[in-house]
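S.K.: If you read the sequences in order, they're chains A and B.
Numbering-wise, the working numbering puts 13 at position 13 of the first sequence, and it's gapless, one number per residue.
Numbering-wise, the working numbering puts 26 at position 26 of the second sequence, and it's gapless, one number per residue.
To be clear, the hints were calculated from the coordinates, so they are not data collected in a lab.
Do not take every clue at face value.
[Unchecked claim] Computed spacing ranges between beta-carbons, pair by pair:
1) B:K73 - A:T112: 34 to 44 angstroms
2) A:E62 - B:S28: 45 to 55 angstroms
3) A:S80 - B:Q56: 45 to 55 angstroms
4) A:V52 - B:S12: 39 to 49 angstroms
5) A:D38 - B:F64: 25 to 35 angstroms
6) A:S80 - B:E17: 14 to 24 angstroms
7) A:A61 - B:K73: 20 to 30 angstroms
8) B:Q14 - A:V52: 43 to 53 angstroms
9) A:Q56 - B:K55: 46 to 56 angstroms
Built from N, CA and C at the ideal position, the CB exists for glycine as well.
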Amino acid sequence: DGGITQSPKYLFRKEGQNVTLSCEQNLNHDAMYWYRQDPGQGLRLIYYSQIVNDFQKGDIAEGYSVSREKKESFPLTVTSAQKNPTAFYLCASSPQGVRNYEQYFGPGTRLTVT
Amino acid sequence: AQTVTQSQPEMSVQEAETVTLSCTYDTSESNYYLFWYKQPPSRQMILVIRQEAYKQQNATENRFSVNFQKAAKSFSLKISDSQLGDTAMYFCAFMNGNAGNMLTFGGGTRLMVKP
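Just chain A, same shape as in the assembly (with noise of 0.2 angstroms):
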């Protein structure tokens, strides 16, 4: 079946502690995104890849790094620089073209930083 993969589903660090969160898709798709949801509220973009070994800062980057590698994973790092790490986080891909556009999620990551 093709789609996106998330692990793990929850995950907890210590404050102070580097946490990488993974994304993995078998859709072929282009373009990868990461966002961050706070509890009520709608999604924020934290970085994107349009291509492999290429990638751009989101709306709320600080604190974050990414990598892309290979077309099908978009590793997520959370370092010890994010104020409030505590999130759910959502990887989402996208095919590239003008009539290919529609993002597709995983199941998300629920991060707990105590």
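Given the coordinates of chain A, work out where chain B should sit on it, guided by the hints.
M.R.: Same frame as chain A, now just chain B:
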């Protein structure tokens, strides 16, 4: 920068009735797309319906339809014959067709369908 506003934080509707969720957006772009996403308690984001700005005809998907008023920058979602499974958060989203296909989301409307 684009902004998306959903003015109704919470709504409720009786099963089998019709409900309309509001969304307004602000942009100077001419090439864009609008979406409604549903997020049930599982938190999986599910695309409900999409509208291309260049199309005048309102999009329809089964019980879901939109009222796209381009001049007013309004994009409301109508759910007909509401079902218990429609209970979820609903997010309106904007995509600038000229800027990498990123989505800008509204704050969401929590919809409760009552039996």
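S.K.: Which earlier hints turn out false for this structure, listed by number in ascending order?
M.R.: Going through the list in order, the structure violates hints 2, 6, 9 and respects the others.
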